[in-house]
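From these two lone chains plus the hints, build me the complex, please.
Line by line, the protein sequences give chains A and B. The numbering used here numbers the first residue of the first sequence as 104 and each following residue consecutively. The numbering used here numbers the first residue of the second sequence as 3 and each following residue consecutively.
Treat the hints with caution; some may be incorrect.
Here are the simulated SDA-like pairs of lysine to any residue, each with C-alpha atoms no more than 25 Å apart in a straight line [stated by the list, open to error]:
1. A:Lys376 x A:Ser229
2. A:Lys136 x B:Gly304
3. A:Lys376 x B:Ser242
4. A:Lys136 x B:Asn144
5. A:Lys376 x A:Met104
6. A:Lys376 x B:Ile136
7. A:Lys273 x A:Pro170
8. A:Lys136 x B:Ala174
9. A:Lys376 x B:Asn144
10. A:Lys136 x A:Ala188
11. A:Lys376 x B:Ile109
12. B:Lys313 x A:Pro202
13. A:Lys376 x B:Pro108
14. A:Lys376 x B:Trp246
Since the hints were made in silico from the structure, they are not lab data.
Chain by chain, the residues:
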Amino acid sequence: MEEFFQQLTNGLAVGGIYALIALGYTMVYGVLKLINFAHGDLFTMGAYLGFTLLTALNLAGRFGPAPGVVILLLMVMGFIALVGALLERVAYRPLRQAPRLSAVVSALGASIFLQNAVMLIYGARSQVYPQNILPMVGVNVFGVYIPLVRILIVGLSLVMMAGLYLFIQKTRIGTAIRAAAIDQGAARLMGIDVDRVILLVFLLGPALGGTAGVMVGLLYGQVNFTMGWVYGLKAFTAAILGGIGNIPGAMVGGILLGVIEAMGAAYISIAWKDAIAFCVLILILIARPTGLLGERVAEKL
Amino acid sequence: MIRLDQRSITYLWYPIVAGVLASLPMFLNAYWVDVLNSVGLYAILGISLNLIVGHAGLFNLGHAAFYAVGAYTAAILNTKFQIPVMWLMPLCAIAAGSFALLIARPIIHLRGDYLCIVTIGVGEIVRIALINNIFGITGGANGIFGIGRPSVFGFVIRKPHEFFYLIWIFLAFTIFVFRRLEHSRFGRALNYLREDDVAAEGSGINVSHYKLAAFVVGAAWAGMAGNIFAAKMTTISPESFSFWESVLVFTLIILGGSGNNAGVLLGAFLIVGLPELFRDFANARMLVFGAAMVLMMIFRKGGILPAPQRKYKLAGVTGGQGEGRG
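Chain B with its partners taken away, still in its complex shape (with noise of 0.2 Å):
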């Protein structure tokens, strides 16, 4: 009975979490709002990709290029059918999702690090294939300009405020869906395939079609965050989607606390918003990212907020959510 009492009070903090978040626009300027946009996008995507990386163990740098799939659908569909962005969020995601699984289908059974350059591969492919417009419809290296607003209710989301609860609240039910995902069978078969893959195929798990699926799951929603993100700028290009992009949202999952929720928005913080507040050392800030990667690696291997070892009442039962062993 314990564990509820301290859950309740866990609940308790949400709305003042909510409240204290909502009413920020109000205190600081249009140009720190937008910084908190940026922080809010990068979680959206970290959390997306803490699904891959996280809890699948599969290591994605790539992707980028889901995100790009999902902005540039958004983009083209908005541009030249005049769809409104906010209808084309599904489409977003299914596009990205779709061409997820294309990718991954024949790339999954591959072992970790030979995951990784593929993906970073396949980052680049489309990041080329963007620049020498394909099928003549991205605009090539200038990309699209004049993407619509979004609406909600007919209420036109202009400003870098409005934008501001537009993107926590998507973060907000991301980070629910997310949350409801990983306690699910489906999140517990992944934290079991991550930590050794060959026992959970012999209790039964399909371990490709799980990774299959974490893969899709997580660039889908990414594709929904490139819907935002062209819906923001109004105008996108192949530069904001490379490669440093993509190491951009692994490393804030890697320091904030791979697997964890919590951690993944702590390092958006960290990476996204901190830099903003020291600007002389902004040059220097992958500098720093990159010396902690390595000394979180040696030191702290779970990040700075690891994720919690996932407890089950059935006696004799423990998770092994701790130290990411994959």
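Okay, chain A solo, but in the shape it has when bound (with noise of 0.2 Å):
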């Protein structure tokens, strides 16, 4: 039982990095219709660039723990929004006329060239995040250790998300994201300016992929530059398995692949865990492609 309880709370801390990840794709989706394939690279800089800030700058021993990783954070997301917003201005906006497919590749060639830029600048070995940044402590829960790290994950990861959903469910600007989803071309005559929307959203979607790259680093200690597709492939599947463009159900499929790939990594085999999460994906668009909370067909503003 103990090990299922530790199964179960590193699998909500992974889920939650899942989730974040997944809610810069859908809602590069819901807007674009496009696989931000570069997306899962983004994650990667952000976890790199939280590297050299920790290093270089010593935020954790300048301003204690707790703010300085709040600092890091908000460097990261900034410079990492403004990655997403680059990239957008000059792979995806020439070609939105485009085929979809053009687009498609046009992302998978951000994704080599932003893979191989981080590998070029920090070498192709994975890079070890300074361990003494959050205390080394643990909260027992009717005996079992959590980690500190984990529960602020989880919890920073849901606080991010409920301010996100807040932010697109309340705002003005919200509901200018929403209304462009669901037709751009109804949105424009709305005198919603469509081109800063997707703007936003490739600001809003990478800052909390860069986020997660962060805690990535955090919870497990070491990056590589590899491990963007990996992370951004799962989460990719965590926005399906929600349905792709919907955002609760990206962070409702974030944190049930997180749980599901921790439960078979214990309970079936470790050396598959991968693989878990790929049958997931491929199992969900044969047998249910609208994901489990279905598409949105018709939404009131």
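See the structure below:
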């Protein structure tokens, strides 16, 4: 039973990370109907940028662990959001009117470019995150020891998801995003600047993805340049699991996938851990392509 | 009649190109011949994938899986039962083709980008299965050693320049077969459904049947390429069939010219051969190719050598093989 709870909390932490990345996929897909293959690599960039900032600026030592991590996350969010916006401008905007598959190829190219850029800058070997950022303590819940970093990741990802959800549902700009996702043409006629909505989506998604990258660094202690596409693929699976284009769906899908994977690794086979997520992806696409929460057909704004 | 003359001029080029290629191993050392062997193998893979990506417009980013099935079929049957690898060629094709049929049957109706994601997933599942020594026959992460050399009419092929002839003759055969295939009713149907699958369905083309056929034929051919690869390396391991292998083959088609075999050949030279010339920049090659893919989509969608427009003599009928609008 203890192992079950260990795996559950671990699955929730990883699931929170998947959910944060999945939100980027699902928002871009909602508005542009494009799978942003480069999103996973923005996540990697976030992880590496976090590494650089932590080691170069000594944020944790200067401001204390909690404010240090918050400052770190804000800096990473800002920077990766800029990279995301730049990516949209360079690789996707010229292809807005082009056939869908051209944009997919462009996204793939951007992904290969970013991944290899990270490799050339940092080298092909894994980088080890500084160990002393968060205090190595944990909490005992009913006899189950849960490390602090896991709780922080679950909490932080939930807060960020709730924030995004409120932003999308309650603000005027959020309404504009939802409108553009339903019908770009009609949104334009209603006076919504769709170009700015797309830009905003490419700021928000990568910001969340970059944060997820830092979280992976804090959780596992090391990052490598190819992790983007594995996490990206799994997060995309999560987005499909919840129903692509559906923001609460991505959150549910991410957490669900994290838990499924942790349980599968514990009770089926750890060697097949990665294959489990891909099997879920294939089964969902065959059996229920609209995902668990289904496609949004109509929505009241 | 002018067309016929142009045609005979093109045919005149074939023996010249063949002669130049055939004499290359005399001037090059073993290293460069081996580079040409890699170029040839990737060109075979590229042409087989081109049927799926370039002609049918199905984005397959898991081609390495079928390549792996072929290579492992050859390796297992050769090491366990001592069957000569050349004899296993058809069996490798059947194994890879059946695997593709099994995999693609339920997913072939998926929309372009979803299909792309699923093929990535399939490729990864195959690689993980190989690493985990599935059925206890794939040798796990170490792979399989001691695969026999191929022999043709009693002549055992060992050295790089001997493999050069095997690979490039097989490549020539591949180009011939796929050229015939592209210009057949089958090839035209694929181009039609790539451009507009609703219209194709409306004209009586069984879209999912043709898509599936393209997938299976391409995969079967990759299986044969896998056989040659296994025989050339004598050792295979899951690392040779990673996602990046699929990406490399996909990239060379997109950059060279999707739907055009000459373009694929050029792509194979650029992506596999060129980095050998500039070894100092070998690390940066994928960076350059990634950027080139983005630029290519923005400025020159058909690749460096776009597929020529299909022309038929019947007045008013023009094929749509130019820009891949699928």
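Results of checking the hints against the structure:
As the CA atoms of A:Lys376 and A:Ser229 are separated by approximately 20 Å, the hinted pair is consistent with the 25 Å bound. Taken as a hint, the A:Lys136 and B:Gly304 pair is honoured in the structure, with Cα atoms around 22 Å apart against an allowance of 25 Å. Between the alpha carbons of A:Lys376 and B:Ser242 the distance comes to roughly 21 Å, so the proposed pair stays at or under 25 Å and holds. With a CA separation close to 41 Å, the supplied pair A:Lys136 and B:Asn144 exceeds the 25 Å bound.
In summary, the hint linking A:Lys376 to A:Met104 is supported, as the alpha carbons are separated by about 21 Å, within the 25 Å threshold. For a cut-off of 25 Å, the pair hint linking A:Lys376 to B:Ile136 stands: about 15 Å separates their Cα positions. Straight-line distance between C-alpha atoms of A:Lys273 and A:Pro170 comes to about 28 Å, which puts the hinted pair past the 25 Å bound. Restraint check for A:Lys136 and B:Ala174: not satisfied, since their Cα atoms lie roughly 41 Å apart, outside the 25 Å limit.
For the suggested pair A:Lys376 and B:Asn144, the alpha carbons sit about 20 Å apart, so the restraint of at most 25 Å is met. With a C-alpha separation of about 17 Å, the suggested pairing of A:Lys136 with A:Ala188 holds against the 25 Å cut-off. Of the pairs offered as hints, the one joining A:Lys376 and B:Ile109 holds, with about 23 Å between alpha carbons and a cut-off of 25 Å not exceeded. As the CA atoms of B:Lys313 and A:Pro202 are separated by approximately 24 Å, the hinted pair is consistent with the 25 Å bound.
This hinted pair checks out: A:Lys376 and B:Pro108 have alpha carbons roughly 23 Å apart, not beyond 25 Å. Our distance criterion of 25 Å between C-alpha atoms is met by A:Lys376 and B:Trp246, whose separation comes to about 20 Å.
Comparing the model with each earlier hint shows violations of hints 4, 7 and 8; every other hint is respected.
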